[in-house]
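Q: Keeping their order, the protein sequence lines are chains A and B.
For the first sequence, the positions run 1 to 652 when the numbering used here is used.
For the second sequence, the positions run 1001 to 1528 when the numbering used here is used.
Among these hints, one or two may not hold up.
With a straight-line Cα cutoff of 20 Å, these simulated SDA-like cross-link-like pairs (lysine to any residue) come out [unchecked claim]:
hint: 1; chain 1: B; residue 1: Lys-1443; chain 2: A; residue 2: Glu-166
hint: 2; chain 1: A; residue 1: Lys-115; chain 2: B; residue 2: Asp-1452
hint: 3; chain 1: B; residue 1: Lys-1302; chain 2: A; residue 2: Val-593
hint: 4; chain 1: A; residue 1: Lys-450; chain 2: A; residue 2: His-460
hint: 5; chain 1: A; residue 1: Lys-571; chain 2: A; residue 2: Asp-311
hint: 6; chain 1: B; residue 1: Lys-1302; chain 2: A; residue 2: Tyr-543
hint: 7; chain 1: A; residue 1: Lys-115; chain 2: B; residue 2: His-1030
hint: 8; chain 1: A; residue 1: Lys-450; chain 2: A; residue 2: Tyr-544
hint: 9; chain 1: A; residue 1: Lys-115; chain 2: B; residue 2: Ala-1108
hint: 10; chain 1: A; residue 1: Lys-115; chain 2: B; residue 2: Lys-1302
hint: 11; chain 1: B; residue 1: Lys-1302; chain 2: A; residue 2: Val-602
hint: 12; chain 1: A; residue 1: Lys-115; chain 2: B; residue 2: Ala-1441
hint: 13; chain 1: B; residue 1: Lys-1302; chain 2: A; residue 2: Gly-601
hint: 14; chain 1: B; residue 1: Lys-1302; chain 2: A; residue 2: Arg-600
hint: 15; chain 1: B; residue 1: Lys-1302; chain 2: A; residue 2: Ile-27
hint: 16; chain 1: B; residue 1: Lys-1302; chain 2: A; residue 2: Trp-597
hint: 17; chain 1: B; residue 1: Lys-1302; chain 2: A; residue 2: Gly-605
hint: 18; chain 1: A; residue 1: Lys-115; chain 2: B; residue 2: Pro-1410
hint: 19; chain 1: B; residue 1: Lys-1302; chain 2: A; residue 2: Val-592
hint: 20; chain 1: A; residue 1: Lys-378; chain 2: A; residue 2: Tyr-543
hint: 21; chain 1: B; residue 1: Lys-1443; chain 2: A; residue 2: Asp-165
hint: 22; chain 1: B; residue 1: Lys-1443; chain 2: A; residue 2: Tyr-543
hint: 23; chain 1: A; residue 1: Lys-571; chain 2: A; residue 2: Arg-557
hint: 24; chain 1: A; residue 1: Lys-450; chain 2: A; residue 2: Lys-549
hint: 25; chain 1: A; residue 1: Lys-450; chain 2: A; residue 2: Tyr-543
hint: 26; chain 1: A; residue 1: Lys-580; chain 2: A; residue 2: Trp-161
hint: 27; chain 1: B; residue 1: Lys-1443; chain 2: A; residue 2: Asn-163
hint: 28; chain 1: B; residue 1: Lys-1302; chain 2: A; residue 2: Gly-587
hint: 29; chain 1: B; residue 1: Lys-1302; chain 2: B; residue 2: Ala-1108
hint: 30; chain 1: B; residue 1: Lys-1302; chain 2: A; residue 2: Glu-166
hint: 31; chain 1: A; residue 1: Lys-115; chain 2: B; residue 2: Arg-1448
hint: 32; chain 1: B; residue 1: Lys-1302; chain 2: A; residue 2: Trp-588
hint: 33; chain 1: B; residue 1: Lys-1446; chain 2: A; residue 2: Asn-163
hint: 34; chain 1: B; residue 1: Lys-1443; chain 2: A; residue 2: Leu-537
hint: 35; chain 1: A; residue 1: Lys-115; chain 2: B; residue 2: Lys-1446
hint: 36; chain 1: A; residue 1: Lys-450; chain 2: A; residue 2: Thr-310
hint: 37; chain 1: A; residue 1: Lys-549; chain 2: A; residue 2: Leu-537
hint: 38; chain 1: B; residue 1: Lys-1443; chain 2: A; residue 2: Trp-161
Please keep in mind that the hints were generated in silico from the structure rather than gathered at the bench.
Just so you know, these numbers come straight off a predicted model, no measurement behind them.
Each chain, letter by letter, is given below.
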Amino acid sequence: MIETSLRWIVFVPLLGAAVNGLLNRRIPRRLAGLLGCATLVVSFLLSVRAVVRLAGLPAEERLLTDTVATWLSFGPLHVDIGFMLDPLSAVMILVVTGVGLLIHIYSLGYMSHDKGMARFFAYLNLFIFAMLTLVLGENLPMLFVGWEGVGLCSYLLISFWFNEDENANAGRKAFITNRVGDFGALLAMFLVGTTLLPHLGGGEGLFSFGVMKHHAHELTGIATAAALLLFLGVTGKSAQIPLYIWLPDAMAGPTPVSALIHAATMVTAGVYLMARMSFLFVLSPVAMGIVAGVGIATTVIAATIALSQTDIKKVLAYSTVSQLGYMVVACGIGAFAVGIFHVMTHAFFKALLFLGAGSVIHGMSDEQDMRIMGGLSKKMPITFATMLIGTIAIAGVFPLAGFFSKDEVLFEAFLGARGGFPWLWLLGFLAAGLTAFYMMRLMVLTFWGKSRASEEVQKHVHESPATMTMPLVILAILSVVGGWIGIPSAMGGGAWFQKWLAPVFASGHGDAHGGGHHGDPSLELTLAAASTAMALLSLGLGYYFYTRKPDLVAAARGWMGGLPNRVLTNKYYVDELYGKLIYRPLGWLADVVCFRWVDRGVIDGILVSGSAVVALLTGSLLRLLQNGMVRFYAWVFALGVTAFTVYLTFLG
Amino acid sequence: MSLVTDHILSWITFLPLAGALVILLVMNRHAVLAFWTAMVVALADLALSLVLWFGYDPAPGTDQFTERVAWFLDGRVQYHLACDGISLVLVMLTTVLGPLIILSTRRALADRVPLFLSMYLMLQTAMIGTFLARDMLLFYVFWELMIIPMYFIIGIWGGKRRIYAAVKFFIFTMAGSVFMLVAILYCWFKAGSMDLATWLQLELTYSEQIWLFAAFALAFAIKVPIWPLHTWLPDAHVEAPTAGSVVLAGVLLKMGTYGLLRFAIPLFPEATVAAAPVMAILAVIGIIFGALVAWVQTDVKKLVAYSSVSHLGFVVLGLFSLTAQGAAGGVFQMLAHGLSTGGLFLLVGIIYERRHTREMAEFGGLAHGMPAFATIFMITTLASVGLPGLCGFVGEFMILLGTFGSTTLPHARLMTVLATTGVVLGAIYMLWMYQKVFLGALKVEKNRGLPDLSLREWVVLVPLVVFMFWLGVGPGLVLDKIEPSLQRVLAPLALEQYETPHETPQVEHHTLHIPDNVPADGHAEVVR
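Only chain A is shown next, with the shape it has when bound in the complex (with noise of 0.2 Å):
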């Protein structure tokens, strides 16, 4: 443990956002962005400076600290303000401020006519000065405070043009429903706290990761219930079943809000939670099988309503939903490095989907109906060919980014540390074949066939700039090299990722993933062979379907009636669900039975107004504010204190 300066890494965007905010309209715009972003290299440059240190250090050794001050020191309570870096905090803030930056600098570009330009890189810094603290951060409470900050910054960023009500109410419902999931949070805090307290030797921070798992083994009677808590938490910010909700709302946000935000990093906290608390997630099977479950589910759930969605951005939503869902499941088998591996190569591609979706929405003059628009691949082709690069990375190709990582995946679901779930892989397995379906079928939509967009629309149709599509490429090299460096030992890799995570999950408890050496290499090898072809094929089913039998997917959609096309273009009614069974009844609580019941009725009514007291003493108490003698009583009442002060200074 190496005490060094990592609080610059995290203070530079929050100065930004600080300069920024304070500055706002009297920046001109152009400067603002310039500002933001600098931030972001700096932040980038301190980050990779932090991590080669940290590769240097033997294996064992890899973490370096940065103690800025207390923050809460209370009895046996003591709780710093303080940084770490370890092998999983290196490669999130790599690809924080990375993939950071490059959205920044895509962002110069898209908000480039937007008045509030100060305001919204503001808002960015802060994203990122939020995100670093909860991937930095040496404790659970520090982390916390990213965690809320992110979804503060995500609130702000969703509602940017809070002129619509319906971005103000996407803005709102992101943040009411990733509290839903901080109260699973702060209980499970309260609930390792105060079983771990008792057994904290000198000097120890309660809530410091080391700290907490070097205790571990104190936690096996709450583990349950404690990574169930943790796991609500997760739930709301990574957008798991049953507070994903909000996610796909969220997409009212500006574009490179969608691609930073709800898809590359602060989505993948929970899996980052995850990751950090492995020791307490390995205590719990039956709290593994849940997490496990809920991502398998959500995976599948998201992926068929990804199907059916017609909003360019929608789709791309739910396909983050479905792929976080990957990453749960890793994390819920106990191969947490393979959860990170997954998160950091969806950081590249998705970024890139998202940004790419950007650039058709700024050349299609803000239009994100797919069903309108079409023949975009001549007009635009660099955005054309990045983000076909991105839909076969996220289809599982072999060798892209996406192939690995979710391959991983899936081999540790078939044959994992903990044994083998098969149904879990075969419903990965057949997820993967949807979400290439359901990319394909964007593609098509948006980039093949002829235009069915207006005239006026079509004229203006053309590839943005430079800043745009500069990031658009770099995204691209990422999403097709970005998996190389976790290629598993049966492929002939080295498996360097898993390597160089093993020391944070392998904490003395056998069953904590290490890396990809395990198991029979030629059944590794099958597994790759039949996602690949899984993926090939149903790019290629999407890509014949949608270019060459419009008639068969016009009677898929019409199908039973078009039950199934409604329900799934309805998401399952689940946001119904909710306000019927929620939402509303807690309404009717709150404004009937609360208010107009008990405190108007029941209190104010019987028991106030219906003494009797009241009407005597009305009359009287009356008259002294209204016989204008209010000065008199002031009068009164001042000699009267200061006679007994003056009594009492002099006389008594």
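Put chain B on the given structure of chain A with help from the hints.
A: For chain B alone, coordinates are given in the frame of chain A:
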């Protein structure tokens, strides 16, 4: 100088009263002069309390700067002021808010300004005296003195239903005080003195304790207010002028929780333990009920008023968690609530001055034309909903953590779970209100072209925002001051002593917090 430093508590207490007299006496018709006089007095009071702040030695946690003079009955009744960490932070809250409140009246009030200012200054004397009194009669005098100026502030400068609200306020608080007076007299005859320290040594039977606790707790519960005694509060807030609401929410409500902590709990420890479940349940109901009712309000001020019921529920829960941590969280939350809710009332006042309405339906889209106002409102809102990094989080976190780990309070964990829902509900109603007022399109024509914050408004709001951040990031500012004092005040409860692991590495008894399902190591038994 020694005349000041030797009697600093008296100076802090009575300086505002002197200011009030001067204003009444010589500048009754000079609003501007009266304003500046009041301002100077309030700033001087702030300066004095800063002397106190830096002069106070928190380590022993004892009463300091004591002023003790026999009053009458052979000194069995004394003029006895003293300051410990808890009093210190609350006096500080009062004196910090003072100048801001006075400044906020500058444009808001036109009618009888000098009279208003003198009322406010008298109120400040009464509030500070209440925090510092260590003689029960003296305390009672200050306690009652608070009611009178507040009554006039609501009744004269209030809104349309001001008479109803003022009378309701008066009757509620007086009704509680009567019971407390009876209890005070009982103890007086028992102890033969009004000295708080003597009372703490009283041997009281269990049933005596229960009755006395009930009488004290009733008076304090009304002031807090604890559900279901809260209905005077929304009316008082809605009708009171902005400055009145700010002082009411900022300081006056803390009198109830302060009274519980200073008197009801340490004087009657067995009754406290016995009553804790009831108090905690009422607190939890208040948290949820207040939040739900706040959600359905259409008047912004009423919404904030009900949110106070919810937030003070947290304070009461912390106090009756019977843990030092929960109680510390409670004290911290008193300050945090004073800043955030006081701030919200100021902000609501600002918009009321411009539009003369507080109905949410009349607003919408204000953030377009008033970005600075909207931003500060947002920050204050976030402080209120307990976003980490701002003041609201620390209090809530410590209260809930303390309550969760309480071994003395039955069903502590269940209560914590229920109370934690308040965190979700808080976000629901606050963001709902924020959206209704600030987001969306500018639909109402009258809202077009409203001026953003004026310089004066900036000056009022910026200190509050600074403190919201400061307490959120560096809560040690307050916690270090109150910790030893809290230990002393809670000592009669004989909670298990914990020691700081930092100081004693090999601790045997650390522990207010032994969870039930972990095999206790033999030191975990509950000590009453």
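Q: Any hints this thing doesn't respect? Which numbers, in order?
A: Numbers 6, 7, 9, 10, 15, 18, 22, 26, 30, 34 and 35 - these are the hints that the structure violates, sorted from lowest upward.
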